[in-house]
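Colleague: Protein sequence lines correspond, in order, to chains A and B. For what it's worth, the numbering used here labels the leading residue of the first sequence as 949, then goes sequentially. For what it's worth, the numbering used here labels the leading residue of the second sequence as -16, then goes sequentially.
Just to be clear, a hint being listed does not mean it is correct.
[What the hints assert, rightly or not] DSSO-like cross-link-like pairs, simulated, lysine-lysine; straight-line CA separation at most 27 angstroms:
(1) 32/B with 963/A
(2) 171/B with 1057/A
(3) 63/B with 160/B
(4) 963/A with 214/B
(5) 1222/A with 178/B
(6) 177/B with 963/A
(7) 175/B with 1227/A
(8) 963/A with 211/B
(9) 963/A with 183/B
(10) 171/B with 1050/A
(11) 178/B with 1227/A
(12) 971/A with 183/B
(13) 971/A with 127/B
(14) 963/A with -1/B
(15) 160/B with 971/A
(16) 211/B with 1222/A
(17) 214/B with 34/B
(18) 160/B with 974/A
(19) 63/B with 963/A
(20) 963/A with 178/B
(21) 974/A with -1/B
(22) 32/B with 1234/A
(23) 971/A with 175/B
[Said to hold, decoys possible] From the structure, some residues in chain A lie toward chain B, with a derived Cβ separation under 10 angstroms:
(24) 957
(25) 960
(26) 963
(27) 964
(28) 965
(29) 1002
(30) 1068
(31) 1220
(32) 1296
(33) 1297
(34) 1298
[What the hints assert, rightly or not] Taking CB as the label site, the calculated pair distances span:
(35) 1166/A with 36/B: 56 to 66 angstroms
(36) 105/B with 1219/A: 45 to 55 angstroms
(37) 1099/A with 36/B: 41 to 51 angstroms
(38) 966/A with 238/B: 36 to 46 angstroms
(39) 71/B with 1013/A: 38 to 48 angstroms
(40) 993/A with 238/B: 27 to 37 angstroms
Since the hints were made in silico from the structure, they are not lab data. Cβ coordinates follow ideal geometry from the N, Cα and C atoms, glycine included.
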Amino acid sequence: MAHWLFQEEHEMLRKSVRGWVEKEIKPHVEEWEQKGEFPRELFYRAGELGFLGLTYPEVYGGSGEDYLAGAVFVEELARCGSAGVAAGLGASVVIAGPQIYKFGSEELKQKFLVPTITGEKIGALGITEPNAGSDVASISTTARDEGDHYVVNGSKIFITNGVRADYVVTAVKTDPAAGYKGISLLVIEKDTPGFTVAKKLEKLGWNASDTGELVFEDCRVPKANLVGKENMGFYYIMQNFAWERLVMALEAVAAAELALEEAIRYAQQRIQFKRPLSKFQVIRHKLADMASWIETARSLTYHALSLFASGEDAVTAVAMAKVYACETANRVADEALQIHGGYGYMMEYPVQRYWRDARVGTIGGGTTEIMKQIIVNRLIK
Amino acid sequence: MNIVVCLKQTFDTEAKITLDAGGKIERKGVSLIMNPYDEFAVEEALRLKEKDGGEVTVISVGESSAQDALRQALAMGADKAILVDPGEAELDEYATATILAKAISGLEYDIILGGFRAIDDGSAQVAGRVAEILNVPVVNVVTKLEVEGGKAVATREIEGGSELVEVALPAVFTAQKGLNEPRYPSMKGIMKAKKKPMQKMTLGDLGLEGQVAAKVKALSYSLPEPRKAGKIIPGEAAEAARELAKLLREEAKVI
Ligand SMILES: Cc1cc2nc3c(=O)[nH]c(=O)nc-3n(C[C@H](O)[C@H](O)[C@H](O)COP(=O)(O)OP(=O)(O)OC[C@H]3O[C@@H](n4cnc5c(N)ncnc54)[C@H](O)[C@@H]3O)c2cc1C
């Protein structure tokens, strides 16, 4: 049954997205995982169906700033079984797009946000650097002011969509001496001289999404590509973290559910000691635990979502939801793999992918340790 | 051009069918969808409208839950919906068609579309009966439809091939798989649908109170035999094959 948080229109949207995922994504997931990429056309198709514009207003091609609709989309997308597909589509509209929408000039919105919502352009958000991960304020990519443009030098790592993005919303230091107060965001377009993709990184999971290492060498970026105001970048980044982390929590719950379903199916099929595994009490209790953890994670995540969607302070709830949901996804996927025995360790069964894909949840978008710092900083002032 | 689409809400294709204590099909807890063949019909109506203009009305006979299926059609782009609540009346294909035809006769129509069958009872009768009552031609199992100047050219499936037919409008067409790929309602479409008219009617409104009764009654329902577990024949290949041949002959009696 539908959860009270969602309205009738959200459940209708859920049916739409589910139908699309079943028909146009699921059948191709294996192939895309092998290839390490899903086709660019998927962005366009998702855009055409209006799925990339759910959290943006109509003037930019969206259908209204409805975060509950956005949540339904990522939940259903996660059910395709390849977290990489969700990560790729998500990097464009969940983490790159909002920076331009919320803080960018009208010109930037027309040039980058509108085609992101139609799916014609792919976006990425580049914050992490080889020497600056959790400590965002310590980034060392610099942007030197040269009148009508900036000259950017430095590198970025682990950037989702980095390899094929048409633009990267890049965090740079415009005032290197000022720490977090010296960070700005620049939209840097693919093919800008001095911007190169050094490498497509090989990963444990999220294999259908590309993850890039980017290098900027005397890369000239027009001043018009500055997002919002100079030296306000850190604040802008923090602003959208709530939505990014909520999306990760929602995806984690959906993925855990998928792993549980797979475990149940397998436990009913596999016969040992003349009985299906599902008849052994140990396995039954495991399944009961998994289902209970998932329900707890969902409740916490929906609580955070309801605060966020109604515009209330959701920082603590979101951090808690991200920690709990992502750790639940790991735990459930691990138990699901265990229930599969040796078959769980084989590439032939999907459960190994759920296990690999889940692992990044407690790392990306702010680690579990950093989330706990946020929570406790609010507990002890 | 005015187009009417008859649609039915059915069980989800993945629904597990069970019987209740009274031997009737259990409706509780099953998720309901728009009959997939009717979805082709709605899509075709929308494509015709997008090409030539006009209005698409979707109509269903059913309880209030059927509003979901109608609303889905509105979200896809249909203009208005009519839901006829049959109340306590028992329905068969005859009764349903009688109600639909009566409701449609009060509308303006050039084309009436429906799925060629519903995936639940699979009787493939209702659209044809509606055509008969309204005294208009019907073309069944259509896989392609082109409309121009008061007539339609339709490709329909026949055994071993297809047939191209021409028919004057108004006419009824029933959709077969392959006619089109139905669209997914977008959020914009869903929000617009909320404001579109959904007219609710009773048999009394149609002047049919006490006038329709099923002519065919289901006596009982039964579920298919559960599939038996497969048999694995162990041993050397040559010997196992001999045993298999023996079982196929004596036990399964297929050779
Ligand atoms: C698949 C993938 C996709 C990604 N996509 C993007 C992207 O699109 N854009 C982007 O900018 N970044 C992206 N990232 C980067 C991601 O945000 C970082 O990996 C993450 O923030 C952690 O930084 P780090 O890897 O440098 O680890 P570190 O910060 O070096 O942390 C290492 C360990 O130390 C712990 N730690 C660090 N500081 C503290 C502390 N103060 N107290 C206690 N423990 C601490 C961490 O919790 C962690 O366990 C992606 C990462 C991955 C793996």
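Colleague: Against each hint, give a clear statement of whether it holds in the structure.
Modeller: Hint check results:
no. : hint                                  : in the structure
1   : 32/B with 963/A                       : holds, 24 angstroms
2   : 171/B with 1057/A                     : holds, 21 angstroms
3   : 63/B with 160/B                       : holds, 25 angstroms
4   : 963/A with 214/B                      : violated, 40 angstroms
5   : 1222/A with 178/B                     : violated, 59 angstroms
6   : 177/B with 963/A                      : holds, 16 angstroms
7   : 175/B with 1227/A                     : violated, 50 angstroms
8   : 963/A with 211/B                      : violated, 34 angstroms
9   : 963/A with 183/B                      : holds, 24 angstroms
10  : 171/B with 1050/A                     : holds, 22 angstroms
11  : 178/B with 1227/A                     : violated, 51 angstroms
12  : 971/A with 183/B                      : violated, 34 angstroms
13  : 971/A with 127/B                      : holds, 22 angstroms
14  : 963/A with -1/B                       : holds, 19 angstroms
15  : 160/B with 971/A                      : holds, 15 angstroms
16  : 211/B with 1222/A                     : holds, 16 angstroms
17  : 214/B with 34/B                       : violated, 57 angstroms
18  : 160/B with 974/A                      : holds, 21 angstroms
19  : 63/B with 963/A                       : holds, 21 angstroms
20  : 963/A with 178/B                      : holds, 20 angstroms
21  : 974/A with -1/B                       : holds, 22 angstroms
22  : 32/B with 1234/A                      : violated, 55 angstroms
23  : 971/A with 175/B                      : holds, 25 angstroms
24  : 957                                   : holds, 5 angstroms
25  : 960                                   : holds, 5 angstroms
26  : 963                                   : holds, 7 angstroms
27  : 964                                   : holds, 4 angstroms
28  : 965                                   : holds, 8 angstroms
29  : 1002                                  : holds, 6 angstroms
30  : 1068                                  : violated, 17 angstroms
31  : 1220                                  : violated, 15 angstroms
32  : 1296                                  : violated, 21 angstroms
33  : 1297                                  : violated, 21 angstroms
34  : 1298                                  : violated, 19 angstroms
35  : 1166/A with 36/B: 56 to 66 angstroms  : holds, 58 angstroms
36  : 105/B with 1219/A: 45 to 55 angstroms : violated, 36 angstroms
37  : 1099/A with 36/B: 41 to 51 angstroms  : violated, 57 angstroms
38  : 966/A with 238/B: 36 to 46 angstroms  : holds, 44 angstroms
39  : 71/B with 1013/A: 38 to 48 angstroms  : holds, 46 angstroms
40  : 993/A with 238/B: 27 to 37 angstroms  : violated, 49 angstroms
Of the numbered hints given earlier, the model fails hints 4, 5, 7, 8, 11, 12, 17, 22, 30, 31, 32, 33, 34, 36, 37, 40; all others are met.
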